[in-house]
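Undergrad: Residue-level listing of the chains:
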Amino acid sequence: MIDDHPMVESSQESRDIEEAINAIAQSYESDFAINNLESAALPNKRAVIHAFENIAPLVYLGFYSTRPLNRSNLRYAISECVYPAYELLCEQIHRAVTYESSQGRMAAPADAAFAHQAATQLFSSLPRLREMLNEDALAAFHNDPAAHSVEEVVFSYPTLVAITAYRVAHVLYTNGVPMIPRILSEYAHSRTGIDINPGATIGRRLFIDHGTGIVVGETAVIGDDVKLYQGVTLGALSTRRALEEERTARPKRHPTIKDRVTIYSGATILGGDTIVGEDSTIGGNVWLVRSVPPGSKIFGRPRGTETDDHAR
Amino acid sequence: MIDDHPMVESSQESRDIEEAINAIAQSYESDFAINNLESAALPNKRAVIHAFENIAPLVYLGFYSTRPLNRSNLRYAISECVYPAYELLCEQIHRAVTYESSQGRMAAPADAAFAHQAATQLFSSLPRLREMLNEDALAAFHNDPAAHSVEEVVFSYPTLVAITAYRVAHVLYTNGVPMIPRILSEYAHSRTGIDINPGATIGRRLFIDHGTGIVVGETAVIGDDVKLYQGVTLGALSTRRALEEERTARPKRHPTIKDRVTIYSGATILGGDTIVGEDSTIGGNVWLVRSVPPGSKIFGRPRGTETDDHAR
Amino acid sequence: MIDDHPMVESSQESRDIEEAINAIAQSYESDFAINNLESAALPNKRAVIHAFENIAPLVYLGFYSTRPLNRSNLRYAISECVYPAYELLCEQIHRAVTYESSQGRMAAPADAAFAHQAATQLFSSLPRLREMLNEDALAAFHNDPAAHSVEEVVFSYPTLVAITAYRVAHVLYTNGVPMIPRILSEYAHSRTGIDINPGATIGRRLFIDHGTGIVVGETAVIGDDVKLYQGVTLGALSTRRALEEERTARPKRHPTIKDRVTIYSGATILGGDTIVGEDSTIGGNVWLVRSVPPGSKIFGRPRGTETDDHAR
Chain A
27 MIDDHPMVES
37 SQESRDIEEA
47 INAIAQSYES
57 DFAINNLESA
67 ALPNKRAVIH
77 AFENIAPLVY
87 LGFYSTRPLN
97 RSNLRYAISE
107 CVYPAYELLC
117 EQIHRAVTYE
127 SSQGRMAAPA
137 DAAFAHQAAT
147 QLFSSLPRLR
157 EMLNEDALAA
167 FHNDPAAHSV
177 EEVVFSYPTL
187 VAITAYRVAH
197 VLYTNGVPMI
207 PRILSEYAHS
217 RTGIDINPGA
227 TIGRRLFIDH
237 GTGIVVGETA
247 VIGDDVKLYQ
257 GVTLGALSTR
267 RALEEERTAR
277 PKRHPTIKDR
287 VTIYSGATIL
297 GGDTIVGEDS
307 TIGGNVWLVR
317 SVPPGSKIFG
327 RPRGTETDDH
337 AR
Chain B
27 MIDDHPMVES
37 SQESRDIEEA
47 INAIAQSYES
57 DFAINNLESA
67 ALPNKRAVIH
77 AFENIAPLVY
87 LGFYSTRPLN
97 RSNLRYAISE
107 CVYPAYELLC
117 EQIHRAVTYE
127 SSQGRMAAPA
137 DAAFAHQAAT
147 QLFSSLPRLR
157 EMLNEDALAA
167 FHNDPAAHSV
177 EEVVFSYPTL
187 VAITAYRVAH
197 VLYTNGVPMI
207 PRILSEYAHS
217 RTGIDINPGA
227 TIGRRLFIDH
237 GTGIVVGETA
247 VIGDDVKLYQ
257 GVTLGALSTR
267 RALEEERTAR
277 PKRHPTIKDR
287 VTIYSGATIL
297 GGDTIVGEDS
307 TIGGNVWLVR
317 SVPPGSKIFG
327 RPRGTETDDH
337 AR
Chain C
27 MIDDHPMVES
37 SQESRDIEEA
47 INAIAQSYES
57 DFAINNLESA
67 ALPNKRAVIH
77 AFENIAPLVY
87 LGFYSTRPLN
97 RSNLRYAISE
107 CVYPAYELLC
117 EQIHRAVTYE
127 SSQGRMAAPA
137 DAAFAHQAAT
147 QLFSSLPRLR
157 EMLNEDALAA
167 FHNDPAAHSV
177 EEVVFSYPTL
187 VAITAYRVAH
197 VLYTNGVPMI
207 PRILSEYAHS
217 RTGIDINPGA
227 TIGRRLFIDH
237 GTGIVVGETA
247 VIGDDVKLYQ
257 GVTLGALSTR
267 RALEEERTAR
277 PKRHPTIKDR
287 VTIYSGATIL
297 GGDTIVGEDS
307 TIGGNVWLVR
317 SVPPGSKIFG
327 RPRGTETDDH
337 AR
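Chains as they are written, first to last, in our numbering: chain A, 27 to 338; chain B, 27 to 338; chain C, 27 to 338.
Rather than coming from a laboratory, the hints here were simulated on the basis of the structure. Some clues are possibly wrong.
Taking lysine to aspartate or glutamate pairs in the EDC-like style, the calculated list, with each CA pair at most 20 angstroms apart, reads [unchecked claim]:
hint, chain 1, residue 1, chain 2, residue 2
1, B, K71, C, E79
2, A, K71, B, D251
3, C, K284, C, D251
4, B, K323, B, D251
5, C, K71, A, E79
This one's a predicted model, so the numbers in the text were calculated from it and none came from an experiment.
Extracted from the complex, chain A is given alone in its bound form:
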């Protein structure tokens, strides 16, 4: 008699899997919020990131190109990035607004004009963004003695990835594009550990050192020439307000950091009414929930006293 166990095993195996498939399919019958099957209407995350991968080279063309660039082939090299980025962005923006209006979260767009306009405005903003990002790169070089050259900063510093994604996402956010800006900023967050909400307002020459763990909230306002070190949080205080109200009214929940402020690693600054005055220094690990005047120097404890805590 033939031992058909392997056959039984294999058909049992396949019955198990089919059963699991049925159960998974059935779970899509329930009313989970994640059961959304209208994939045609939702933006595609990879396409959004792919668009960004064509936008970043527009800013730093020489760092991405594999052939020498000069005046005669420059325009061609730019077009090679703009057109795919434009097509991807238009489609994804269109999906996002169509979906959001189908959910009653924004007015329905009459046609594809909104997507075209939002995408075009981004590309038109690039010369201005390039000017700002050039200053951001120089700020990193000028503030970090470990930087050997501006080129090294552009090549390898996570701060440039994070600020570039933020400045691009912020233009889209400001023009009312839903979903896409946050996909971009979380892409940068994943790569750098720096979490800047696209809604934040950030001035010129932002310097971020190391960066891992930095959080900049949606309504934070940052002036010019601000320096942030790793682990700094510009966050919200929890409130008793109903969340739905917060979401609709969009009150300022995150702090304002004025020009030329330096915030050292691990400091936490919270609250929409909190203003850190010009030229202030906030020490490492400081926890700050109220405003401080210009020129403040805030430290968790006087520097140099740590050895009082000394126990052998």
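Put chains B and C on the given structure of chain A with help from the hints.
TA: Just chains B and C, lined up with the frame of chain A:
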């Protein structure tokens, strides 16, 4: 006479490389723990991640599909993910258990049944996991005023990546699968900065905001409706116990966080006997190594006193 | 009459994009530091990472190979990685030195010998690096009760990624290779959240747990058997010295950590003159800016007193 320097250079070059290759090969003769060449028996990291990339879409199908889904093609779309994920998982689990039993770290499996069973149990668990992950996504939406929609949460929030990987890895961990769960959790850690050990026990509706730097240890226990902010550590206290003993006895080394506890950014809670009672709030940067009763509000210093540290 | 709106729309669209392209091209006429178009001379980031992806398998061959390895095919498997890595590295190093010398930042290399020599020295160092990395992997296994095996450490622990990239980058850095070392270290930073500058000097058996948020500065010196937990910073104190001077003179800006020191999560140690003596323990979240003698135990506040801060 011809200057053959380039030739000499080139053959010198090639001699240098060949010598380096010999030296590297020889270093595999020593008894390094990393000299393991039994690749056939070891799981393949990329295959494990590839399996996960077929499992995540099963949970959030509408967010991954590039075509509209409806009842008639849903089952097909699920099968398209389940079968490759199943094959990859079975092989990798089988490799892991075969390898571990060859090292005497677990009982030898009689056949491939263990791998089949563990993989099937994971797929059978998916409807339950989907229910939990749906609640996790809603918790993120309901707790974060910056979230514009549940869809945005699913698309872009790192917390969903981390919790999805954790819940999948935890099922495998609970069923005794070696190696694979940690590969999954470190994959999520790499993408999100959130490090949840697959052994941790986590209740429903976990909310993680921003997330970078969060550490949840292997024996941590987290109740329902807990909120964790960036940089929170649920860790172990160093002990004088021999490590080998710890590894075998697997005592509880990490804290227990009860229902409805909120832990703000940078707080560190350590020790297996440490219990944070229900409805407690642990402030930012707090360092806690002993239990606190239900309803506690622990802050490193009274809020609003930071300006006493003020020095101009 | 035919409504030609779509056509007008489409040609307007295309005019808008062409205009944006012109403006972007024009922005490359200004004197931005990021306007560098000499792409032929700049290293290619992806090629550098690709080289590293061929170097890491040389260290942990059994963990990458998809077929069983033995003495007879080992040398072949090594060659398969060494040759592409060598070619990629040589070209990228050559680009980096040519570019740097064109900028007057290093002496011009006579020929490609520098690149060949630097690449060969790296491969010749691999047996020694393998010995050290083997010890690093064992240190992780022996210090972490959550580690189930050395294999799990090699497979999934971010610390191994970070230390491997550091040890490789440090060899290149020490041999005077510009740009490439930092590209490697930021690649590891992006994947692990661990930011170790390639210039740092690190002894044997470094143990990093979890790791997210760790920063080790360019002139930091770390002895043997040191343990670092997540969020530890070994950083610089801001000084009044001119930055250009710092960059040229390269003074020691970061601390020295002696043998067998343990530094718990979130601790910050700053300054080039700061020395943490042998066998010291630095507690979580401690802020330290001056030297402490051997055997010190520094904690921000006595452990176990947190409940004094208790307010209900």
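Undergrad: Taking the hints in turn, state whether each one holds.
TA: Here's how the hints hold up against the structure:
Using a Cα cut-off of 20 angstroms, the hinted pair B:K71 and C:E79 holds, with the two alpha carbons roughly 14 angstroms apart. In summary, the hint linking A:K71 to B:D251 is not supported, as the alpha carbons are separated by about 29 angstroms, beyond the 20 angstroms threshold. Taking the CA atoms of C:K284 and C:D251, the gap is about 9 angstroms. The hint holds against a cut of 20 angstroms. Between B:K323 and B:D251 the CA atoms are separated by roughly 17 angstroms; this keeps the pair inside 20 angstroms, and the hint holds.
Among the hinted pairs, C:K71 with A:E79 is consistent with the structure: their alpha-carbon atoms are about 14 angstroms apart, no more than 20 angstroms.
When held up to the earlier numbered hints, the structure conflicts with hint 2 and nothing else.
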